[in-house]
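Participant: Sequence:
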Amino acid sequence: MTWLKPVNIESNAQDTFNAFIADLEARLADPATERPVLAREVLAQAMYGREYGQLAADAPLAALNLDSRNITFEAEYYMATDTAKFEAVKPLLWLWKNLDLTPIGQNPVLGIPVRRVLAGHIFKRVGRDFKCWQNVEFSVGYNMDVGNDVVVHRHVLLDDIGGIELHDGASVSDYVNIYSHTHSVLDGPDVTLRRTVIGRGARITYHSTVLAGSIISDDAMLATHALLRADIPPHGIAMGVPAKVTRFKVRPDGQEYGVDARTYPRDTGRKANPQFPEPTPNQTRVAGKEEV
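For what it's worth, the UniProt record's numbering labels the leading residue of the sequence shown as 1, then goes sequentially.
Derived from the structure by calculation, the hints contain no laboratory data. Watch out, some of these pointers could steer you wrong.
[Unchecked claim] FRET-style restraints, in silico, Cβ to Cβ:
| no. | residue 1 | residue 2 | range |
| --- | --- | --- | --- |
| 1 | R50 | I9 | 24 to 32 Å |
| 2 | L4 | V250 | 21 to 29 Å |
| 3 | D82 | E51 | 32 to 40 Å |
| 4 | H207 | I21 | 47 to 55 Å |
[Stated by the list, open to error] Here are the computed lysine to aspartate or glutamate pairs in the DMTMM-like style, where the Cα-Cα straight-line distance is at most 20 Å:
| no. | residue 1 | residue 2 |
| --- | --- | --- |
| 5 | K124 | D149 |
| 6 | K249 | D231 |
| 7 | K271 | D187 |
The beta carbon of each residue, even a glycine, is placed where N, CA and C say it ideally should be.
Please model the complete structure; the sequences and the hints are all you need to start from.
Facilitator: In structure tokens:
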């Protein structure tokens with residue numbers, strides 16, 4: 001049962017929006033579509049109200065920066081990024097990112113369905129009724145595994161280069177950071193990838209951070225401003241820096257779990273830099289204790 005109420009807009013506007021979404025979906029489903037061309041055409045209309053060719057003649061600098069072939073993402077500089085997979089999704093990530101800066105992206109009645117369409121052609125998997133608000137960032141996009149009825153709120157960072165799972169009904173609040181890679185404290189280029197898992201119905205609340213490899217079980221919660229570097233069991237509520245489980249939700253016994261951190265398959269880690277092929281050893285000691 002939701003606490004949200006339906007909101008309607010004028011029917012002529014809704015019809016126009018529906019036609020735009022249907023056209024976008026049809027063009028993306030067509031193997032003949034050149035994604036960079038599609039993205040720059042949509043952005044030229046959304047940002048400058050004109051055809052791309054006209055924009056290129058009048059304002060070439062603006063036009064060139066709408067074409068994903070003329071820009072770079074941070075992920076393209078990383079060894080761990082799959083070049084072929086990223087090339088396929090890059091134009092759509094550029095479209096998503098820039099549409100969010102326009103009235104289209106800021107309007108939930110249009111922006112959310114557009115992101116849902118784009119997610120279907122970017123993510124590894126996306127279920128029904130995915131609801132993503134504006135200004136969400138991905139590392140590569142193609143390593144997102146998203147279930148049904150997942151909600152991601154504003155200004156979230158989803159660092160999916162090592163893989164992120166968001167299971168059915170998971171909710172990610174504003175300004176959350178979820179990571180799937182770590183750096184050695186002694187050698188920054190020594191990077192390890194670990195899949196991060198958010199279970200069914202789990203809630204990650206405002207301004208919290210989830211570090212790589214963490215497993216948040218079904219119906220668990222991470223409190224505001226918490227920093228999670230471990231796991232949360234089913235129904236657990238973790239809070240603090242570092243986060244510790246201090247409460248459990250009162251739920252009936254005998255439930256079955258899709259994600260239970262005590263048994264869920266754990267990602268042991270994959271090295272992202274061939275210069276550092278071995279598992280990273282412990283490289284710190286507790287402050288105030290002499291080295292052994």
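Participant: Flag every earlier hint the structure violates by its number, smallest first.
Facilitator: Violated hint (a single one): 4; every other hint is consistent with the structure.
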